[in-house]
Amino acid sequence: MSSTDSSLSVRRRALNMIWTAAGEYGFDPVFIAFTQDGQPDFYMNSIIGYVRKWYDHQIMKELFDAVENSLLKETFDGVLWIGLENCAFEREVRQRPVLSELRTACARTFFDQQISRSRQQWMAQNSLVYALQAARWRTVLGKEPRLANPWERKLFSELSYSGDWDAGQIADHTYRILRQFFRFHGGSAHMSALQRLHNSLSRLLSRALPSRVMRSEDLMFGRDPAGNGTITARKSQNSRLISASEEENNRIYIESCFGLPLYSQSENLQIEHLLCTDRHAGCHLYFTAGQRPGGQDAAPSDPMIRRAVQGARMQAQRNRAHYQERRHFYQNSITRLAQQIKNALLVYPQPLKVPSRIGLLAPSEIWRAVRLNDERIFTDTFQNEEPDFSVDLLLDASASRLQSQEIIAAQAYVIARSLTLCQIPVQVCSFLSLRGYTIIRRYCSYAEADKQDSVFDYFAAGWNRDGLALRGCGHLMEDSPAGRRLLILLTDASPNDDRRIPPNRENRSFTGRDYSGDAGIEDTASEVRLLKKNGVQVMAVLNGEDGSPEAARKIYGEDFVRIENIRHLSDGVGMLLQKQIERMQGR
Amino acid sequence: MLDFLREEHVNEQIIKQIESFRRKYPSGQAGTGSRPRYMYYGREVWEQAAEALLCGENLLLAGSKATGKNVLAENLAALFGRPSYNVSFHINMDASFMIGTDTFRDGQVVFRPGPVYQCASLGGFCILDEINMARNEALAVLHSVLDFRRIISVPGYDTLSVHPAARFIATMNYGYAGTRELNEALASRFMIIQMPEITQENLEKLLRREFPDMKKDFVKQFAALFMDIEKKCRGGELTPRVLDLRGLLDALRLMHSGLSPLPALDMGITNKTFDSYEQSLVKDIIASRISGKTESRSIFI
Ligand SMILES: Nc1ncnc2c1ncn2[C@@H]1O[C@H](COP(=O)(O)OP(=O)(O)OP(=O)(O)O)[C@@H](O)[C@H]1O
Ligand SMILES: [Mg+2]
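Protein chains in written order, with this note's numbering: chain A, 135 to 721; chain B, 740 to 1040.
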């Protein structure tokens, strides 16, 4: 069986679980559930089917639509299904005793399974949903829910939807929860005219062409890395009619969480037009210097955005506290690294050729003497103190780095400071991917050495589409004042994004691939090769246990170091830079 | 037998007519009135079939496998109190087997009657099983038996009039390899009943009757399991290979004698298809009804 066949049949099997449970065929479920290894989630798909079986379709559809059109779709979906699982279970178990056992098994796997990297990222991004899910499964196993925060405890107690409710009660209760806990004002009563139009259109569409809609979605289908005991809205929803308004929602969300854009909309469009192509077609790039809309201190009104902004602020404080506590150590590291860089520059001096009145005759300049009376038609070679290269630091800021945010910020600061002490221009950026956007946050440009301590604003979230980030960073590096450019990534060498690599007929990849595993590594490696071809030297710094050396080798060749212990940072990075400087000299 | 029909709420009018049929044609043989091993469940089919037979018609029961065609045919013979004769059709079946052949006995050539002849002369119920498996030439001799003429002519012997109580009940399968359409001339000589798949309610009755010691909860789950499979076949997600009531009953018998439910169901149902994807769909259905931990002991009291 080819992988396409099997992914189609996996999806078909998942649909069949839903249909079996619903006792009804041919309808197109809005949700479908997969485990983290990409297999259909038996219990949750059955639950989706029971919800279909027991509750009024129209009311449920309106509820799903209202959530779908909200800013916090993923969170609301997660919260809603924690409630729905409860009532559908209570209702169905009356006539299906085996369901209790299946539910317990589902709860056990939730805690037993090995947590994959992409799962970790999902958890980090949906920590609320994850916490509530964990609480629910704990109660299923007869334990305490163990929610620390009273707000979450209260929300959780509201999610015990009763098996005696009908669809209307479920919808009312859900809208009340979303209003009360998330200040959400959607719901059937408040649907905008546009949304209503969309709803009637999509209803029309699915009524007219059910089987065709099915098939085209089948081709787009792939493993959903966010899955695992969670119900994920169908991927196809990405390509729905109204994606424009959703796109707008995403932009607002990103702007509020990460800062105002560096480029105007039309400039950005041009950049995307150039860079978001082939393997990154359909993705977005967003450049920001982290400037908040309405000033640094304005409190966003949306509660989820507020949570995100507060989270970022807390992290910035932790980063700075971490550095302050180990100030002496880090300052030593800076001095040592700067010394090593200087040594490298001395050992391999940069010859600087300047026009001069003495030295080697430069034939191409003779005309100046004749025409302009300029006598500097000779070239003299100076041993220049000022090196002719710039360095870019690019920090992976995806959720897989959550455990080492303080260290990464400190490392970046140490490296940037050392280079500045050697008069090497430095630019520092970080990147992460969210909702199809790869966000590049610039802490300081080449001319902004004074702003270097803003790297302590670093925080991690989301996915990492390394290949696209490299393209974006390459774009920013065009501003370099120097002739030679170096790029250092602080990375774990495991590219992961929830947006797939689109199908490519030339490669006979008709369904596209997940941006993770080998596909992500291959993509990143080829972007690195491209940068090298354009004269950028690329290297990587890996932290401690993070990331596999095999992947790093595939992407960066020999040009990476692994810093097992922060004490070796200076030596490690120093050696890496020496090698590069040596190489520049060799050319 | 009549009591069973009453339990099934078959129209009292029809039951009365059957009673008078039995009075009119009292069975000469012992044992014809007793309850058969299996009972057919399905009130509407009962009524249609009985009504047609009372009107002197022949019946063709058409349907997919294990829809109870043979059970119903046997039941009808018992119900009407007539002896039953079974003719199983296959490609080598010919007229002489059905009607009879010359044979040599005590130094003389004599006619040895076949089942159709016997049935016609004694007023029995003749079950023409899987009639669509037979060649048309073989069936041609039945034409005069089945239509208004109701006669059997055997060359060299007297023509026999079919006994007024005699009936012919044919069965016919859809979907088996080797089955063909019945030719029109023959089809027009029957009243045709499309045999429906058993309903959940009736399947529960059947299971309770077959396995009186099965726990109520399990009767429900196994019946529902069969209905789940039936729906999936109707939805076009499964081929009808795995829709086999006989297979389910066999599996339950295995459980009754101690085999664990899952392997029993695999043998009886899942493995009827050889496609691993289809097997996984069937396994999913089973998992949604029957726990893998269930022991066969716990199914029965
Ligand atoms: N409606 C029904 N009522 C009672 N039993 C049924 C019914 N439908 C199927 N069965 C059961 O299914 C099994 C098969 O029945 P039977 O042999 O009469 O089927 P059939 O239609 O003749 O099958 P085939 O076409 O494969 O010969 C029997 O055990 C019978 O009890
Ligand atoms: Mg049969």
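These are calculated hints, taken from the structure and not from any lab test.
Check before you lean on any hint, since a few could be wrong.
[Unchecked claim] Per the computed footprint, the stretches of chain B lying under chain A, defined by three or more beta-carbons under 8 angstroms from a beta-carbon of chain A, are:
no. : stretch
1   : 808 to 819
2   : 926 to 940
3   : 947 to 953
[What the hints assert, rightly or not] With a cut-off of at most 20 angstroms between alpha-carbon atoms, the simulated SDA-like pairs for lysine to any residue come out as follows:
no. : chain 1 : residue 1 : chain 2 : residue 2
4   : B       : 970       : A       : 311
5   : A       : 713       : A       : 679
6   : B       : 1022      : A       : 176
7   : B       : 959       : A       : 311
[Said to hold, decoys possible] Covered stretches of chain A, as calculated for chain B (at least 3 residues, CB under 8 angstroms):
no. : stretch
8   : 151 to 157
9   : 218 to 232
For glycine and all other residues, C-beta sits at the position ideal for the given N, C-alpha and C.
Hints and how they fare:
1. Residues of the stretch 808 to 819 of chain B lying with their CB closer than 8 angstroms to a CB of chain A number 0, which falls below the three-residue condition for coverage.
2. Evaluation of the coverage hint for the stretch 926 to 940 of chain B: breached, as 0 residues show C-beta separations to chain A shorter than 8 angstroms, against a requirement of three.
3. Residues of the stretch 947 to 953 of chain B with a Cβ under 8 angstroms from some Cβ of chain A number 0, which does not satisfy the need for three, so the listed coverage is violated.
4. Only pairs whose Cα atoms come within 20 angstroms are accepted, and residue 970 of chain B paired with residue 311 of chain A is rejected, the gap being roughly 37 angstroms.
5. Between residue 713 of chain A and residue 679 of chain A, the direct Cα distance comes to roughly 24 angstroms. Violation of the 20 angstroms bound is thereby established for this hinted pair.
6. Between residue 1022 of chain B and residue 176 of chain A the alpha-carbon distance is near 11 angstroms, which keeps this suggested pair within the 20 angstroms criterion.
7. Restraint check: the Cα-Cα separation between residue 959 of chain B and residue 311 of chain A comes to about 38 angstroms, which exceeds 20 angstroms; the hinted pair is violated.
8. For the stretch 151 to 157 of chain A, the stated coverage by chain B holds: 5 residues have a C-beta nearer than 8 angstroms to a C-beta of that chain, and at least 3 were required.
9. Only residues whose beta carbon comes within less than 8 angstroms of a beta carbon in chain B count, and the stretch 218 to 232 of chain A has 4; three or more means the coverage holds.
Of the hints listed earlier, those the structure fails to meet are numbers 1, 2, 3, 4, 5, 7, in rising order.
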